[in-house]
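Heads up: the protein sequence lines correspond to chains A and B, in order. Following the working numbering, the numbering of the first sequence begins with 1 at its first residue and continues without gaps. Following the working numbering, the numbering of the second sequence begins with 1 at its first residue and continues without gaps.
No wet-lab data here; the hints were simulated from the structure. Keep in mind the model is a prediction, meaning the values are calculated, not measured. One or more hints might be untrue.
[Stated by the list, open to error] Calculated lysine to any residue pairs in the SDA-like style (CA-CA distance at most 20 angstroms, straight line):
1) B:110 to A:191
2) A:373 to B:211
3) A:470 to B:150
4) B:110 to A:123
5) A:470 to B:216
6) B:110 to A:470
7) A:470 to B:91
8) A:470 to B:125
9) B:110 to A:365
10) B:110 to A:194
11) A:373 to B:86
12) A:470 to B:244
13) A:470 to B:223
14) A:470 to B:217
15) A:373 to B:244
16) B:110 to A:193
17) B:110 to A:368
18) A:373 to B:71
19) A:373 to B:217
20) A:470 to B:214
21) A:470 to B:212
22) A:373 to B:250
23) A:373 to B:212
24) A:123 to B:125
25) A:373 to B:248
26) B:110 to A:367
27) A:373 to B:151
What follows is the residue order along each chain.
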Amino acid sequence: MSPNLRENWRIILLAVMVLLSTIAIFGPVGGDQTVPGANTANQTDDPTNLQFGLDLSGGTRIRAPLIGITAEDVELQEMENEEVRALERNLTTELSVSTQDLTIRTSANETNTVEVFSNNITKAQLESALDEHGVNHGEIRDGVTDQTLSETERTLDDKISGAGLSGGDASISRSATGGEAFIVVEVPNMPREAVKELINEQGTVLVVAHFPQNGSYRNVPMFSQEGIAHVGTMQRSQTGEPNVPVDLTPRAGDNFTNAMNTFGFTSPQGTTNCTYQSNPDDSGHCIYTVSNGKVVNDTIVEGTIVQGAGLNPGLASTIRNGDFQNAFQVETSNASEAQRLALNMRAGALPTNLDLDAGTTSYIEPSLAQRFKSLSVVTGLLAMLAVGAVVGWRYREPKIAIPMVLTAAAEVYLLLGFASIIGMALDLSHIAGFIAVIGTGVDDLVIIADEILQQGDVSTNRVFRSRFRKAFWVIGAAAATTVIAMAPLAVLSLGDLQGFAIVTIVGVLIGVLVTRPAYGDVIRNLVMD
Amino acid sequence: MIDIDVPDVPYRRYSNRQLVAIPAAVLLVALLIIAGWYVTTGAPVTPGIDFTGGTELQISSDQSADQIRSTFESELSVPVETVTQSGSSYIVTFQATDQSEIDQIQSVAKSSGYEIEQIQTRSATFSGDAQRQSLIGIGVAFVGMSVLAFVFFRTFVPSIAIVLSAFSDLVIPIAVMNILGMRLSLGTVAALLMLIGYSVDSDILLNNSILRRSGDFYESTYRARRTGVTMTVTSIIAMIVMTILSSRFVFGIPLLPQVGIILVVGLTADLMNTYLMNVSLLRYYVYEGVAK
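Extracted from the complex, chain A is given alone in its bound form (with noise of 0.2 angstroms):
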């Protein structure tokens, strides 16, 4: 027997990695996995592990740019922590942006940076601020940098879920040539609308000082999530308002003893003028809770007041005393709005927002998603018959005709085991990957078919192996010119065009290292009998 199966070893690799992809597909899988991307929402009435993307499941998918710019390689002098925030503060100021809208990132190892998160703000704005105030730097490009990109991502994916949007997902995807960065939402079973309002407002929960001062109100920004280290549950006061406890950071803590010392909040006339429900545009010393909102130059320029309320008297003796032990009530107005920013304090605010009108959204109903997926099985399984409809009529002997096309679907299977193995969620342009490779796959069994069974038996297994090596050595080349045409593709990002890419090359290189090699043996099984 071992001959035999020495011989056959190649149908016999084929048997194998046919056996493991029925694994992969149908078999159980460990865990409760969930795919980025993929729609699992409808897994349940269906029997394989296979992944279908938008295009075949339905929802939305969002891909868009992050707005701001960034300057790189910036000289800091071995500044302190400190003077690293007032320098933050000064070209806060200088560009009339809010603190939020402008970050500067030290590292030790890497460069420094300076990112500015707003659409008003150009190139040539940043260059002079920073020139201003004497700070060496390098080019000032479009984009931000991977550390924003990688929080944004987080963030997104954070709210997603706590959204209870099942096998929704962000992801980062960058262009091979330009490095531009784009996120990637994918929402399955959500309107367009619903995913653009969920990604769309930053989430930014922001705890104001509002207080009269030499004549004018002032509104200082007292901490955002940056400064939250623990949020609680929501509960209700002893008069029913809703509110969502929160524990600072000692920094933000510290902060907030100062400023509420300072601006007199704990003061016995600060802790009780705060008249923001009866006379909201002169309500003495409030503080107030903002969502989505910026502070610039004192004023609140953007978002909702949600709750605006004075310092608990207790609270205020005990920040009068130093015996602020950071924990402090994030007051709002309803119990709904008390979700929302936990949620949103939960997740964290996006650095930036992501610049839609600079990206792409589409949004592919499920049922017709699902009509496309059964739809296209049947046009490639038609595809096929005609395709051993040809091979049949022109080898006019089934023995190999037969085996031709069933080799031909065992590629396809093969690729549909890899598809499942490593969570590729399956999209149009996988299906037109896959009649690719269908099509290069006959091409392949055609040359070694022909050459094998050219005039003149094959009597021994030497010119077998002759006559296989060269069908193989014309394969093998138009092989790696497949792939190297289909290369730019898959790393290009042009989006749709990657998954098909990626399936004819594996397809091709399936075909070539296992499947086709092993339609030779039957071949030879064949003529040798």
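Use these hints to put chain B onto chain A, whose structure you have.
Chain B in isolation, oriented as in the chain A frame:
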């Protein structure tokens, strides 16, 4: 031992010049069409939404295409570009790319009682980038293929025959796209790249058979042609089936018909280029190029 159905081409009766005349003429006509298109429209082939930016809305409605167009035109400030029927649905395209404009389009569609099946928007900046990247992609793929051809055969005429044939296989479908009024999409770019791969298969087979195998020129050509024609015809038929089934007249699946039609045209062009142009270039090389 096996029946052969490939029609015989009486190569001996025609000179190289006569054989090359047909593919050369077709290539020339194709190039003229593309050049004419470039002069009149400013682009060798009209770019679609993927490359210009815009919004594509697929809705289901029992109204006619004209009714749908006039509904949108009367209620929107953004102009309607095209309305095409696809099965029981309509695909309406707009040049609008701003989120506010898209919100408007969506609300008009809803208030007019159209069911939104699909909506896609590509911004102009994003699409400009896609156009640049696609050009780079096709360029790199073509150069890579050419380099490989020279690496495989290491002689000028057989290698350049492969490159020429692939070039013509790309140019002819692009000209046909213009004639049919098709627009360039990401799907057609993918199909053109796939065509580079397919085109080279039969050429490598032919070159290999003539240059690296024993036997007389005509016998080698015949052998390669028998296999090569089977390959290409099989692919053409598979693609015809896919194109018809996925077209808007039958299943209405996007992406696949564009890929299919380009491949059908390109593979048909490949039959002509390989077995008329490449055969005569190789015959010149074998009988005259090498002998001298």
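Evaluated hints:
no., hint, in the structure
1, B:110 to A:191, "holds, 13 angstroms"
2, A:373 to B:211, "violated, 46 angstroms"
3, A:470 to B:150, "holds, 19 angstroms"
4, B:110 to A:123, "violated, 41 angstroms"
5, A:470 to B:216, "holds, 18 angstroms"
6, B:110 to A:470, "violated, 62 angstroms"
7, A:470 to B:91, "violated, 50 angstroms"
8, A:470 to B:125, "violated, 49 angstroms"
9, B:110 to A:365, "holds, 14 angstroms"
10, B:110 to A:194, "holds, 15 angstroms"
11, A:373 to B:86, "holds, 17 angstroms"
12, A:470 to B:244, "violated, 37 angstroms"
13, A:470 to B:223, "holds, 14 angstroms"
14, A:470 to B:217, "holds, 18 angstroms"
15, A:373 to B:244, "holds, 17 angstroms"
16, B:110 to A:193, "holds, 13 angstroms"
17, B:110 to A:368, "holds, 17 angstroms"
18, A:373 to B:71, "violated, 32 angstroms"
19, A:373 to B:217, "violated, 49 angstroms"
20, A:470 to B:214, "holds, 12 angstroms"
21, A:470 to B:212, "holds, 10 angstroms"
22, A:373 to B:250, "holds, 15 angstroms"
23, A:373 to B:212, "violated, 46 angstroms"
24, A:123 to B:125, "holds, 18 angstroms"
25, A:373 to B:248, "holds, 15 angstroms"
26, B:110 to A:367, "holds, 18 angstroms"
27, A:373 to B:151, "violated, 42 angstroms"
Hint violations for this structure: numbers 2, 4, 6, 7, 8, 12, 18, 19, 23, 27, all remaining hints satisfied.
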